[in-house]
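K.L.:
Working from the sequences, and respecting the hints, build out all of it.
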Amino acid sequence: MDLTDACFAGAAAQADLLRSGVLTSRELVSECLRRIERVDRGLNAFRLVFAERALADAEAADARRARGGDAPLLGVPVAVKEDFALAGLPTTLGTSAVETVADADSEVVSLLRGAGAVVVGRTRMPELGLWPFTESSWAGPTRNPWSPRHSAGGSSGGSAAAVAAGLVGAAVGTDGGGSVRIPAAATGLVGLKTQRGRVPLGGQPWGGLVAAGPITRRVRDAALLADVLAPGEDFVGAAAEDPGRLKVAVALRPWSAGVPVAREVLDAVLDTAVLLTDLGHEVVRLDAALAEVPGWVDFSVRYLRDGAAGGVAALDRPDRLDRRTRRVAAMGRAIPAAVGAAAVASGRGTTERANRVFTRYDVLLSPVLTHPALRVGQWRELTAVEALLAAARHTAFLPVWNVAGNPAVAVPAGFTGAGLPLSVQLVGRPHDERTVLSVAGQLERARPWADRRPPVG
Numbered sequence: 001m002d003l004t005d006a007c008f009a010g011a012a013a014q015a016d017l018l019r020s021g022v023l024t025s026r027e028l029v030s031e032c033l034r035r036i037e038r039v040d041r042g043l044n045a046f047r048l049v050f051a052e053r054a055l056a057d058a059e060a061a062d063a064r065r066a067r068g069g070d071a072p073l074l075g076v077p078v079a080v081k082e083d084f085a086l087a088g089l090p091t092t093l094g095t096s097a098v099e100t101v102a103d104a105d106s107e108v109v110s111l112l113r114g115a116g117a118v119v120v121g122r123t124r125m126p127e128l129g130l131w132p133f134t135e136s137s138w139a140g141p142t143r144n145p146w147s148p149r150h151s152a153g154g155s156s157g158g159s160a161a162a163v164a165a166g167l168v169g170a171a172v173g174t175d176g177g178g179s180v181r182i183p184a185a186a187t188g189l190v191g192l193k194t195q196r197g198r199v200p201l202g203g204q205p206w207g208g209l210v211a212a213g214p215i216t217r218r219v220r221d222a223a224l225l226a227d228v229l230a231p232g233e234d235f236v237g238a239a240a241e242d243p244g245r246l247k248v249a250v251a252l253r254p255w256s257a258g259v260p261v262a263r264e265v266l267d268a269v270l271d272t273a274v275l276l277t278d279l280g281h282e283v284v285r286l287d288a289a290l291a292e293v294p295g296w297v298d299f300s301v302r303y304l305r306d307g308a309a310g311g312v313a314a315l316d317r318p319d320r321l322d323r324r325t326r327r328v329a330a331m332g333r334a335i336p337a338a339v340g341a342a343a344v345a346s347g348r349g350t351t352e353r354a355n356r357v358f359t360r361y362d363v364l365l366s367p368v369l370t371h372p373a374l375r376v377g378q379w380r381e382l383t384a385v386e387a388l389l390a391a392a393r394h395t396a397f398l399p400v401w402n403v404a405g406n407p408a409v410a411v412p413a414g415f416t417g418a419g420l421p422l423s424v425q426l427v428g429r430p431h432d433e434r435t436v437l438s439v440a441g442q443l444e445r446a447r448p449w450a451d452r453r454p455p456v457g
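Numbering (full-length UniProt numbering), first residue to last: 1 to 457.
I should point out that these hints are in silico values taken from the structure, not numbers from a laboratory. Quick reminder that beta carbons are idealized off the backbone N, C-alpha and C, glycines included. Accuracy of the hints is not assured; some may be wrong.
Have a look at the derived ranges for each label pair, beta carbon to beta carbon [claimed, not checked]:
hint, residue 1, residue 2, range
1, Thr359, Trp138, 42 to 52 Å
2, Leu270, Val101, 44 to 54 Å
3, Thr359, Pro260, 22 to 32 Å
4, Ser96, Ala338, 26 to 36 Å
P.N.:
The following block contains the structure:
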């Protein structure tokens with residue numbers, strides 16, 4: 001098999017190829033490393049590449065297979081976001097402000113390694129994961145493989161860029177306000193925010209807003225990684241199943257009133273709604289589904305107080321942060337502890353209101369972003385407050401599901417006239433990743449998207 005084709009095959013197909021003996025992990029990982037060396041100079045997806053260890057782990061995977069061994073991801077090259085701890089390295093969080101070395105791998109990394117995955121590298125994120133783009137004054141931008149003038153999104157932008165460019169078979173990110181779904185949408189990938197608490201994160205990052213999840217080329221890839229990170233659910237089986245006739249609600253108005261949505265974004269959602277109707281589902285438009293849900297203040301308090309201020313307080317050298325990051329953290333420090341506690345308590349009401357839609361409907365369909373991918377540096381000259389408001393408008397369909405905790409997936413839905421990816425969001429009932437993966441898989445089978453590749457080497 002052509003090695004470039006293998007690099008773009010996705011984690012599940014790569015696992016199949018390795019299992020069948022069509023190629024070895026050493027061959028696949030070596031080609032991924034060659035692609036990283038050649039392509040990532042222009043993308044800036046990786047913070048660190050572990051070439052020597054990756055090759056050694058690939059050889060160990062091949063030896064294990066030769067002895068008759070197997071594992072779900074045995075020999076498959078993956079990448080992890082730089083907010084997951086790796087033994088012997090500082091957990092950098094998109095900053096140059098961490099010096100303390102981690103004693104052990106995070107549980108997510110341990111699960112990946114336990115499933116046989118080869119961790120090729122650590123991918124970039126914006127400082128503390130605060131932005132829907134991946135760039136900083138000291139690291140530069142992470143660019144979109146579909147257009148170097150555009151961002152790969154954030155905060156898991158490096159993970160998305162690496163997968164979209166065929167540098168790894170899959171990657172794992174975190175999502176505190178859309179940070180898996182945003183870059184997946186920007187780069188034409190599948191991005192699954194799992195149910196809050198489904199994947200172990202070792203605490204309650206951002207006051208409980210953060211969940212982990214895979215960023216992949218295909219739905220089956222996402223399901224395979226979800227099975228590794230949260231064993232016992234058979235997400236792979238769900239992704240391959242016909243979901244049966246479902247009731248699907250469509251929301252075109254975002255959580256924040258008065259936020260405009262680009263015409264091409266709306267058209268992608270409406271086109272997907274028509275496809276779901278053709279596939280036999282009952283599809284109903286609910287313009288008020290999100291607009292009537294309170295909670296922006298609660299989310300903002302937790303984002304500022306727990307995410308920004310709390311994140312900065314845990315750093316070794318906060319003086320090394322970009323000025324904008326320090327200013328956002330200062331806003332968070334100004335919020336009293338009682339207000340932070342009230343925001344967490346109020347989130348229970350937001351969760352109840354948001355989930356009322358699921359008393360009548362099985363799945364909610366909406367845009368992911370209000371506009372396609374941002375240009376690199378688009379908000380560079382904005383003040384901290386202006387940038388926060390711009391980010392809130394850009395991601396207005398997303399944070400409610402971090403407050404509520406529901407599973408949600410970004411699914412590719414074509415391209416703009418300028419060639420940028422479009423995406424839609426599917427949200428499920430609490431703890432019901434199986435249904436959103438089943439519907440996503442059905443959409444993919446009806447309109448395959450993964451064979452189209454960005455114009456990278």
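K.L.:
Would you mind marking each hint as holding or not holding in the structure?
P.N.:
Against the structure, the hints:
{"no.": "1", "hint": "Thr359 <-> Trp138: 42 to 52 Å", "in the structure": "holds, 48 Å"}
{"no.": "2", "hint": "Leu270 <-> Val101: 44 to 54 Å", "in the structure": "holds, 50 Å"}
{"no.": "3", "hint": "Thr359 <-> Pro260: 22 to 32 Å", "in the structure": "holds, 30 Å"}
{"no.": "4", "hint": "Ser96 <-> Ala338: 26 to 36 Å", "in the structure": "holds, 34 Å"}
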